[in-house]
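Those protein sequence lines, which keep their order, are chains A and B. Just so we're aligned, residue 1 is where the first sequence starts under the working numbering, counting upward by one. Just so we're aligned, residue 1001 is where the second sequence starts under the working numbering, counting upward by one.
Incorrect hints may have been included.
Said to hold, decoys possible - Short, incomplete list of chain A residues facing chain B, as computed with Cβ under 7 Å:
1) Val-106
2) Gly-221
3) Ser-227
Hints were generated in silico from the structure; no laboratory data involved. Cβ coordinates follow ideal geometry from the N, Cα and C atoms, glycine included.
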Amino acid sequence: MAIATIIALFGAVVCGLVVGPTSIGATRVIGDVLSYVGIGHSTLSPLQSLVVWQIRAPRLVLGLLAGAMLAVAGGTYQGVFRNPLADPYLLGVAAGAGLGATIAIVDVGGGLSTPNWTPVLAFVGALVAVVITWTIGGRGLRSSTATLILAGVAVASLLTSAQTFLQQQSSPDSLARVYIWLLGSLASAGWSSVTLVLPYVVVCVAICVVAGRALDVMSVGEDESRSLGLPVRRVRFIVIAASSLGTAAIVSAVGLIGFVGIIVPHIVRLLVGTSYRRILPISVIFGAAFLVFADTIARTVMAPSELPLGVVTAAIGAPVFVIILSLRRRMVA
Amino acid sequence: MSAVTIRDLAVRVGSSTLLQDISIEVESGSWCTVIGPNGAGKTTLVETVAGLRRPSSGTVAIDGDVLHALNERSRALRVALVTQHPIIPPGMSVLDYVSLSRTPYHGSLRAPSAADRFAVAEVMTRLALDEYADRDILTLSGGERQRAVLARALAQSTRVLVLDEPITGLDLRHQMTILELLQKEVRESGLTVLATLHDLTLAGQFADRLVLLNKGRLVLDGPSGDVVRSRELSECYEMELRVIDVDGADVVVPARH
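Go ahead and model the full structure; you've got the sequences and the hints to work with.
Rendered as structure tokens:
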């Protein structure tokens, strides 16, 4: 299974580099890549090299990072909340980021309209939303995770209403830009966004993957995992903080890409069983590959215009999920 | 020496008092069962002894160590818990489930050691669970499942085991299986058991000592035979209870009018 996902990842990387509106032969791209490690020499023209290394490669890397982070955050949330419907946006990350981005795009107060402010405010908005949710829902002596989820719903609704209000008040031009941002896209990816996001993703993914064993213990519920010696509240805090921080970083760079966080861990669970020690690391690889494939489709099917990435992830993810679900049911029966 | 020492324990939540003035000592290697009507505070007592609740006042000590001065991990090395409604994680194998018991030994970041795996295997064999090792624990029958839950608690290798209604929902034969397994652990391995039970007959037959709670207070604490025959027992349950001797065993029945 691990080998299969690594092959999928490799396939996704090749697709991400080779496929695109500018037709460059696959062998020539691979030859160029190999030339960097001292095998053969590149036959790409400077322009083609620019397309591969300044357009496709950063987009590919950002897609890998986003897919890995969203998938592992979704799986982690599902474990920590023991709720199969949990996704990385559960505690208000999406709504907070949306409001932050809208404030920047609509240029509330003036001086924010340069594109650089959009990721910054989206990131801040996402974190503020999670902190509010945690403060409202995470207190109390025996606060249950249900309170936290409900607080997340309340905070998300409130921030979304503020965001919708701003959006509705804005000019048609910024309305369109807000809308495009909300749908999520890797189109504006460059090496700068990769380097901005990379440290968060590496640290947060590592924390989530390492927490797999603790999440397995927590599957017996709070009381019993405490009686098994697990510092449940500390684990919960660390894991939620890591997932939220990583998701916030990704969302600020690529907008709201839906469906990866919920569908990938479920597909992986169907394939490898219910242990988070397996689900989380495989979700990292599978999520990365899945998002790059989805993005390759998004930018080629209707080229030169692009499909919203969230549309593609859902359009592929949902049928794949249903097929695996029914196959597995047949296998069990 | 007493394995569990509860001294002047009170547990309050908000303005309601769940337990008050509770002092109990459970001898090492003995079985003490807590009885009492619904709402007497049995579950609260069990949760406090397992370290899940903090006493509002008073102390709980295991082998002389005050429980609430310990961190989760050291607590889990001293006392194991079987809750009233154990949460069974879907899709987990019986072996993986029982192996969770070793978490306090290897921690949540490292894999179980050979010693951990050995301890799990040994308990699985003792409780006749070997043939179920790879089965999804959800596919087990109620009786087998409760045996797996008990195995998880025993493989934690603590000297004190706390159980809240461990035979709820089991048929009579499986109730006896679980209680006899526990009795064997108490007699042969020197395990100390603190349990709650609703069935007064089984409570009397399997415990060395009974503690009767009512409305958060300790009413009676004594040898099983004395407690089941006491006037206080009928008073707490607000009904007349009779004890019938069946071949030397006490059977507690309600008197019907």
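Now the hints, each set against the structure:
Proximity of Val-106 (chain A) to chain B is violated relative to the hint, the smallest CB-CB distance being about 45 Å (cut-off 7 Å). Because the smallest distance between the Cβ of Gly-221 (chain A) and any Cβ of chain B comes to about 4 Å, under 7 Å, the interface hint for this residue holds. For Ser-227 (chain A), the interface hint holds, the least distance from its beta-carbon to any beta-carbon of chain B being 4 Å, beneath 7 Å.
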